[in-house]
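Colleague: What follows is the residue order along each chain.
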Amino acid sequence: MALLEVRDLRVSFDTPDGTVRAVRGLSFDVEAGQTLAVVGESGSGKSVSTQTITGLTRGAEVSGTAYFDGTDLITADQATLRRLRGARIGMIFQDPLSSLHPQYRIGWQIVEMIRAHDLEISKQAARKRAAELLTLVGIPRAAERIDDYPHQFSGGMRQRVMIAMAMALDPALLIADEPTTALDVTVQAQVLNVMRRLQEQFGTAIILITHDLGVVAEMADEVVVMYAGAVMERAPRRDIFYRNHHPYTQGLLASLPARSGDRLTPIQGTPPSLISLPKGCPFAARCAHVFDKCSEPPPLVDVGGDPRHQSACWLPHDVNEAVAS
Amino acid sequence: MTDVLLKVDDVRKEFPTHSKEVVQAVAGVSLEVHKGETLGLVGETGCGKSSLARCMAHLYDVTSGSVWFEGQEISKLSRKAMRPLRRDVQVIFQDPYGSLNPRRRVGSIIGDPFAIHNIASGNERKKKVQELMELVGLNPEHYNRFPAEFSGGQRQRIGVARALALRPKLVICDEPVSALDVSIQAQIINLLSDLQREFDLTYVFISHDLSVVRHVSDRIAVMYLGKIVELAPTAELFGQTRHPYTRALLSALPVADPDTADSREQIILGGDIPSATNPPSGCRFHTRCPKARLDCAAEEPVLEPVLDDKPGHRTACFYPLTVGEDLSTAVPDLKAS
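Residue numbers (this note's numbering), protein chains in the order written: chain A, 5 to 329; chain B, 3 to 339.
Just chain A, same shape as in the assembly:
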């Protein structure tokens, strides 16, 4: 059994303009110690789905299940979720500055977080642990810097502080939502390296939410490609890049600036509104391979090859190689 099993997750929000169907039947597994990358563009539902799993989308209409270690996170009460969040499920977000309290020293914030979950631990022991964690994520002179405020750290260092806090109680799962999007590339490389190292050391599973296919290629074991709230394709890393089936996956990869001076091949048009989605395939309006069958919603089915490789597209699977190349 996987560490986290999400089945048919649906999330919608009522707005004055109509119901926004942000996530529409999402299923995935996260295995212990593995990295699952969830990739997609703005509004694909990648962040909303993990926020829902951790109980952070209040006011949303939610259905489906998300079993983590035998507990269904969707139906769990706030007290249960609060016990799990931080302790068993660590989280880091894109913007570390707004995730840290600006008026408290970072050491105090880490200690607070440890003591909230571990009622036995003394202040001194928690502080010692906080310093160890800061060293672990590569903050130089951690013993001194523990008494600094968030604004005294650079963006990359703040994200390390967030990782230290997320890892404080040795969680089984780390949810990282665009953790390096706000960082420069050389700093991004440092932070990804820290995440990789910690995963090796502690066997933490990671859900990595990103729009950056480069980061996916560097970090993922398995990949879920989302579009308009639904999974378009899901596969082990190499299959997504080399044996992909879904035209959206192919379109994303083709949009990347090529190494040559050749013309880019963008995906034409823009994503559909989540309020008035088409009946069939949500990608049909932008798809170069569209045909009559696409007016019916395509199920997510095996494409052959790796048993973990599935695609939600009516195109036949035997043309797989031909279309990809």
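Note that these hints are calculated values from the structure, not bench results. All values reported here derive from a predicted model rather than from experimental measurement. Zero decoy hints are in this set.
Taking CB as the label site, the calculated pair distances span: (1) A:E9 <-> B:R107: 46 to 56 Å; (2) A:Y246 <-> B:G30: 44 to 54 Å; (3) B:D211 <-> A:R242: 19 to 29 Å; (4) B:L255 <-> A:S102: 18 to 28 Å; (5) B:L309 <-> A:Y246: 36 to 46 Å; (6) A:P303 <-> B:I121: 55 to 65 Å; (7) A:S102 <-> B:A300: 33 to 43 Å.
Looking from chain B toward chain A, a few residues come up when the C-beta cut is under 8 Å (computed): (8) T47; (9) V184; (10) Q187; (11) I191; (12) L255.
Take a look, some chain B residues computed to stay more than 10 Å from chain A by CB distance: (13) D90; (14) I111; (15) D328.
Built from N, CA and C at the ideal position, the CB exists for glycine as well.
Given the coordinates of chain A, work out where chain B should sit on it, guided by the hints.
Modeller: Showing chain B alone in chain A's frame:
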């Protein structure tokens, strides 16, 4: 000889801070932009690339040095004297949300340049605006809509239309695609390159994203802490990288290819970018450079051709990389012997 459209000569741009210190955003940059080319400016946060771009368009006054457009010094012109030149030098900004007035209709936003320069009015202006909208791939019937009714990519098209209204010679693109999703980003990059061909435009293209800069640029200048550390034709910059910072930047860029990601050498720089109020002595990169030696901290390297490079490829480094040199095992030595 290629025609020089814009020339930047030893430009410095400093900003005062509250504590009497100054931020040296641009610390002595000289370069030329040739007619018809795309010059890429790449670097990380705070390297001064946007400040330099704004000095180029004379949106900022320079602290010292000069900027010349078609042989005329523009860096000391008054706003009024600069106005006729604004037709020739236009800017496209990063944020398609912040750079369009939300309470004005798109038609009047794009028509502004015509109004300011007294070029066309009434129906003639409307016709010109609608032609522009068509040119950048917007529906001309959306003339009366507000910016909020457009997506991010469409808003960037509005910014492009506005910049092109007066048929400028030079367009400075400051992170024009950074706020866009990758599928939309590719649309805008293609649009910019089509327009360049059609109207013989010269671009200065600023981005923190090396893969984008590589795709669009003929030449690339890499900046670090207010200085150009390497300037070369695109293929040479990637094929014959000389500066250790350029190499580190290239190696840090995640590549969307698992085979390459698994096999390539990765140089992970230590530390953060130092403060521009108090930059390191000598070569500004020496505090993070894997190849740094004692003299790197003492003296500042000049941007010039190194090893056997042609004059078009200049590097500011005392210990430039040879082709194939392995930087991942290099160790800095900053102790006096």
